[in-house]
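8 protein chains.
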Amino acid sequence: MKLQKGSKLLMIGDSITDAGRTRPVGEGLFDPLGRGYVCFVNALLGAAYPERGIRVVNMGCGGHTVRDLKARWQTDVLDLKPDWVSIMIGINDVWRQYDSPLQPECHVSLREYETTLRELVALTRPRVTGLIMVTPYYIESNRRDPMRATMDKYGAVVRKIADAERTLLVDTQAAMDRALKVQYPGALAWDRVHPNQVGHMILARAFVDVLGYAWK
Amino acid sequence: MKLQKGSKLLMIGDSITDAGRTRPVGEGLFDPLGRGYVCFVNALLGAAYPERGIRVVNMGCGGHTVRDLKARWQTDVLDLKPDWVSIMIGINDVWRQYDSPLQPECHVSLREYETTLRELVALTRPRVTGLIMVTPYYIESNRRDPMRATMDKYGAVVRKIADAERTLLVDTQAAMDRALKVQYPGALAWDRVHPNQVGHMILARAFVDVLGYAWK
Amino acid sequence: MKLQKGSKLLMIGDSITDAGRTRPVGEGLFDPLGRGYVCFVNALLGAAYPERGIRVVNMGCGGHTVRDLKARWQTDVLDLKPDWVSIMIGINDVWRQYDSPLQPECHVSLREYETTLRELVALTRPRVTGLIMVTPYYIESNRRDPMRATMDKYGAVVRKIADAERTLLVDTQAAMDRALKVQYPGALAWDRVHPNQVGHMILARAFVDVLGYAWK
Amino acid sequence: MKLQKGSKLLMIGDSITDAGRTRPVGEGLFDPLGRGYVCFVNALLGAAYPERGIRVVNMGCGGHTVRDLKARWQTDVLDLKPDWVSIMIGINDVWRQYDSPLQPECHVSLREYETTLRELVALTRPRVTGLIMVTPYYIESNRRDPMRATMDKYGAVVRKIADAERTLLVDTQAAMDRALKVQYPGALAWDRVHPNQVGHMILARAFVDVLGYAWK
Amino acid sequence: MKLQKGSKLLMIGDSITDAGRTRPVGEGLFDPLGRGYVCFVNALLGAAYPERGIRVVNMGCGGHTVRDLKARWQTDVLDLKPDWVSIMIGINDVWRQYDSPLQPECHVSLREYETTLRELVALTRPRVTGLIMVTPYYIESNRRDPMRATMDKYGAVVRKIADAERTLLVDTQAAMDRALKVQYPGALAWDRVHPNQVGHMILARAFVDVLGYAWK
Amino acid sequence: MKLQKGSKLLMIGDSITDAGRTRPVGEGLFDPLGRGYVCFVNALLGAAYPERGIRVVNMGCGGHTVRDLKARWQTDVLDLKPDWVSIMIGINDVWRQYDSPLQPECHVSLREYETTLRELVALTRPRVTGLIMVTPYYIESNRRDPMRATMDKYGAVVRKIADAERTLLVDTQAAMDRALKVQYPGALAWDRVHPNQVGHMILARAFVDVLGYAWK
Amino acid sequence: MKLQKGSKLLMIGDSITDAGRTRPVGEGLFDPLGRGYVCFVNALLGAAYPERGIRVVNMGCGGHTVRDLKARWQTDVLDLKPDWVSIMIGINDVWRQYDSPLQPECHVSLREYETTLRELVALTRPRVTGLIMVTPYYIESNRRDPMRATMDKYGAVVRKIADAERTLLVDTQAAMDRALKVQYPGALAWDRVHPNQVGHMILARAFVDVLGYAWK
Amino acid sequence: MKLQKGSKLLMIGDSITDAGRTRPVGEGLFDPLGRGYVCFVNALLGAAYPERGIRVVNMGCGGHTVRDLKARWQTDVLDLKPDWVSIMIGINDVWRQYDSPLQPECHVSLREYETTLRELVALTRPRVTGLIMVTPYYIESNRRDPMRATMDKYGAVVRKIADAERTLLVDTQAAMDRALKVQYPGALAWDRVHPNQVGHMILARAFVDVLGYAWK
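Protein chains in written order, with the numbering used here: chain F, 1 to 216; chain S, 217 to 432; chain L, 433 to 648; chain A, 649 to 864; chain V, 865 to 1080; chain C, 1081 to 1296; chain D, 1297 to 1512; chain B, 1513 to 1728.
Worth double-checking, as some hints may not be accurate.
[Stated by the list, open to error] Calculated lysine to aspartate or glutamate pairs in the EDC-like style (CA-CA distance at most 16 Å, straight line):
no., chain 1, residue 1, chain 2, residue 2
1, V, 1045, A, 699
2, L, 613, S, 407
3, B, 1693, C, 1131
[Said to hold, decoys possible] A short list of chain S residues far from chain A (calculated; beta carbon distances all over 12 Å):
no., residue
4, 223
5, 231
6, 236
7, 243
8, 245
9, 288
10, 331
11, 369
No lab work stands behind these hints, which were simulated from the structure alone. Every residue gets a Cβ at the ideal spot worked out from N, C-alpha and C, and that includes glycine.
Just chain F, same shape as in the assembly:
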């Protein structure tokens, strides 16, 4: 398993990451990691590798885009001195284009998305042991659905950056697509975005598998 003993893994993102975490920092006593994939990742790691003492910190914020991440990157990522950082962002960057078409100031274009994400990666790369790029996803099996099609483009950017920067890559869209072969989107997520517990475990499994997680 790639995370070394005593590593601090900081996971940042939007509401999928947040999932009701504690403020200001999602770490400490009384289960402060929320109810989503971050909580599952922590529980899976803690149960299987107790001797590694992996420290998981949740810094997700509901509604955020990559533009919001940039604004708080210094205080919410770098200042906390993580060893590993995971970034899962982009759903809101795309969603606002579809649910708030009249408010262009809320939209983050593909260009801005890529530029900003590259900037954050470049800033972080030299200061950490490892980076984990996580694609955004949309729980919609029809790839010609306009929002799904757009989301795929944003996911492609994440894959491109991960490849160029040689970071780890978690392809959540691929994981969701596998589940969609046997399930209707509504059985995984009320609004095709916020998953139920099964959907969060799909994300968590994809995440820890990339880390080389062994169940036993």
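Since the structure of chain F is provided, determine the placement of chains S, L, A, V, C, D and B on it from the hints.
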């Protein structure tokens, strides 16, 4: 306009109809009709035809299927002695098949849907001046989406009954489909079911148009 | 219809406009426009002209007079860069003279009302595509009622300014008066000021008619 | 002063009487009489005639008509064995005709009002020392206002019964009319029905004056 | 009656005056004067002298001593430009000596009480039409009770200042003592300080009598 | 110490005993004994005699008189099968005569008090190991105060019964009187009835001393 | 994996199982399974075996002992017609002996525990496809700790029954003991009983491993 | 008894001291000392030595370590000018090492603990009449339990400082150990740290005994 002076129009259905109405009966002082299409229908009628004194009663209940309507038909429809009744049901009959696939006891099959709806219409027809059948809908433009495809079948049943029973028919799916030509589903409804105010006005316009509503 | 594609219509006023809108800005997801005529105007426009993509922003504040509007005009109107602005103010300017006769510091005289309103119009006229002046009203059919008589004078000022400045004019008092021919004031508004949903639709219809709204 | 030492005065009526009293019986420690004229009557009597030990009980209920009073007369009046009873009812009997014109089942006709009130008086007269009939009122100075005109008819019934039955009579409409000579209705009551504290003191003064109250 | 037409009467004091008034200023719509003697004074004046248009402002604060009044005298009295001012203070100055004997920093000595009160009177006298000095009281009939004895000394200071400065004087202790001849303290005030509504009316009657109030 | 190993001591009474205990039975985990003398008695016993395992149950109810105790004696005392029972009742029996003089149905006369208390003692005596009679008290040092004088008569009844029935006796009035030699009543109890923590410890000390409590 | 396609697995127990589940039945939309090991078991199964459509129902109740389970076995287990049932009970049976030593009526003896558990198993065995016996545990590594020693005896009973009845067995104490080799109890559970998320995942992993769960 | 007449005893510490005290300063009317040993100490002193007028101030704060005490020592101790100060700190300094092993920044080492505590004592010694050092404790009878063993080392530091500085010393661990001879830890404290009322009385007795408290 088809509603005669002093008519009482009772509108029954699920959460789309309910929309936060007052209990036990959605009528009276202080805007008890909720925030949805029923409220809009009432406001449009009241503003354009004040001299008709149309009395609108909202008896929608969130989460209900046609099976639930049947169980409360006597107390919630017949006992209130309406002159006109509108029925908009079926979304949950279909939705549970897709969001709760493991709980078949919550599913209402097409057969049960048709049988029950016919039964309610037969029971009501002789006691009222007019019946308004309203189709269920799904705010999804991809007609091959499984849930959309199923919803279309339930809508077809409504059209068939309206035709056979010579009731008025409001085709909400058709109205939504017109809007979907220029808008993404997410801009009308967070979960493709519960519309925002624009979506509710689309429903209300389709409804009053069938009644022969004249704007001026 | 006068509002061009992609226009931003900012509606400002008192509690009738506010009607429970979201703070700080009444725009965005989850129906932030309140429960009054602004919500109805937006829903009517969105349902009939989806392809125009009209953006409606509610900046009403309960209890405000024209004096209060002036104090927040820069931040709440000009800074938001609207294409169209509607102004419906004056009810509280008059009402306080009648419900709080002992507190003259809360009264806005006819002179101050006219001067301030002209000032706001002059400030705004050159920066927008269109201005919509909306009269205040009082839901009282007895024109010799002292507060009704005063309200009529404030309404006349609005008409005078609209005429001089060649803005659009919505005469809400005239719309209410038509309804009062067949209804007692108490059936439209508990306190003769805050309308129920039918009363708000009367306002909304008067509003969109001035814009050249076509029902179909 | 007409109330004998140790008398129990039960005051029944609608929301004007209720005014936030304690349930189920408006009597006891911690100021259970609400914030209206009943509280003022009790305080005026207690402060001026402490040695009489007058016991005031508030049994008002918001929204009630004479029909509602009849339904609870046994438990809420007779069972409590009062020495004196005051009845102030009728505002809702009239108001519903004007604010809910479409719901005739909420209206209490003049005939039903008179019949029921006479019935309650006949039932109570033989069991108490004294009865105090209190007219309903409407805080509207225009006597041609339709609701004011109707209210006057209901008030006339109260005067007629008081005269026939030789009970005491409190003419609250006359008291309010005196105040309306120098004040606009809105300065006494937000909705022309529920008075502010000055309005409630006008009622209380009219009430205790009929009892022969001496200020000093 | 001594208060001229259009006068503004500001009443300041402790929790007896406060009685749940609105913040920051106890004046305006919706009965903001609390539930105590200030509310009763206002209602009695408004009901008997509507044409005078007396404006009553409640600036009481629970728990305050004369030391606290001094600290807010500029903002809470002088800045509001009253025509008349009433001051009822001293109960907490004494009470803390008895309920918090171990915290001498909360006690206001007789000397500090007199000096500060004189200072406030001197500051205010030249700026107002009239001053009304109100004694503190203790609802205890045993004059040898230590707290009652102390309270009497503080009351004597108020009488002395009122006499020297030729202000009006309301002797609330004398009014309460008259009531205590027929009532046990506990029937007027749970804790011998905070009166019930009858006790507050005793205060209000003593207050308006000093103003030359005529009941009719 | 008189309480044998494994004894169950049930303490019943009014609000002084209750002090916020858990319902329906004041026993179990999470400090269910309230914040008054019962809690202190339990803590003192538990800390000094852990090996005795004394089980303390609080069955006090705020506002109760001996009449109320009788009504619940079977379910709240006998059914719980205590080994020891303490009874502290009478304060409300007296207090209502003074704070609610107009409501004689709330008063419990000295005769009824004695009869009922004897009845409860007779019923309980044969079924328990020991009975502890606790006098009511009034935190007022002036013995000629009417309520204090009455309370002393009720206390005398308790002493008489304890003597006749040879039960233990806790004289709380005597304990409070000792404290009143150096403290004003208001420093022990806001309303001369409900003590602060020092006052409750005075009660608890008097209680455990009667049991033969040894501090060390 | 042992659970067949379409199986319904009902999990019953105490607060560890409950973990905030929905009432009355822990199944349906919106993540009703609580935040504990049941939620994890469901998420792990749903993510790895979506095509099996396993239906998980949580019927845990905080504070329950085997005696409480028996009382609700018919309604809460048999009536719900599960295919598989898991039982994890015993912690409270033991805990009350240690945290409430003075209340023997709350203690469930080893004999009663065994007898009742055998009874429930016998009742259920013939009606289900499979039974999963889960041991209670105590997160305390000192096996000579009295409560740990007692818990081990109750766990032994579970193992004995599982062996005799040939049910599946989940040894949670063994799983916790493995974790305690590298962690202090306080890092897994605040009170050595209610685990944090890592502790719940340890339970869930032990549970699904017994079912033959394959991570991939 | 060592506390002189009129002394002010300030008690500082963590949640055991805090126990729900009033903010910002735990002193004054309405029982502001919380529900723990501080409340008991005050009640025991007040009941036995009323003539001494000892003033007890609670400045405990839940979760604090000696590091936190240092940060607020000036405002929360020195500025309040106590005559006596008691310090009970160290439980969280140790606990975080065991319940949050992954967050070393929350741990207070033995060295930092001793240095800081000496610093606070040195700062305070010259300004007060007396200092009372209170050891931390852990309600665990197994002295080889790792957290108990660590806590014993921190307690030894307190004893060493008390000895060196000749302050009074309260050995709470010794007091708890005596109780643990006859009770299981869970019967005194749910989490082995926060005692129930019996546990708090054990602390209070140990505390007042050191002061030379005489029960009678």
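Hints, verified against the model:
Between residue 1045 of chain V and residue 699 of chain A, the direct Cα distance comes to roughly 9 Å. Compliance with the 16 Å bound is thereby established for this hinted pair. The suggested pairing of residue 613 of chain L with residue 407 of chain S is violated, with an alpha-carbon distance near 43 Å, which exceeds 16 Å. With a CA separation close to 9 Å, the supplied pair residue 1693 of chain B and residue 1131 of chain C stays within the 16 Å bound. In this structure residue 223 of chain S is not separated from chain A by more than 12 Å, as the shortest Cβ-Cβ distance comes to only about 10 Å.
Listed as outside the interface, residue 231 of chain S is consistent with that label: its C-beta sits roughly 25 Å from the nearest C-beta of chain A, beyond the 12 Å cut-off. Listed as outside the interface, residue 236 of chain S is consistent with that label: its C-beta sits roughly 20 Å from the nearest C-beta of chain A, beyond the 12 Å cut-off. Listed as a non-interface residue, residue 243 of chain S fails to keep its Cβ farther than 12 Å from every Cβ of chain A; the least gap is roughly 7 Å. With a closest Cβ-Cβ approach of about 6 Å to chain A, residue 245 of chain S is found to fall inside the 12 Å limit, against its non-interface label.
For residue 288 of chain S, the condition that its CB be more than 12 Å from all CB atoms of chain A holds, with the nearest at approximately 21 Å. Residue 331 of chain S, annotated as away from the interface, keeps every beta carbon of chain A farther than 12 Å; the closest lies near 35 Å. For residue 369 of chain S, the shortest C-beta to C-beta distance to chain A comes to about 38 Å, beyond the 12 Å cut-off, and the non-interface label holds.
In this structure, the hints that do not hold are numbers 2, 4, 7 and 8, in rising order.
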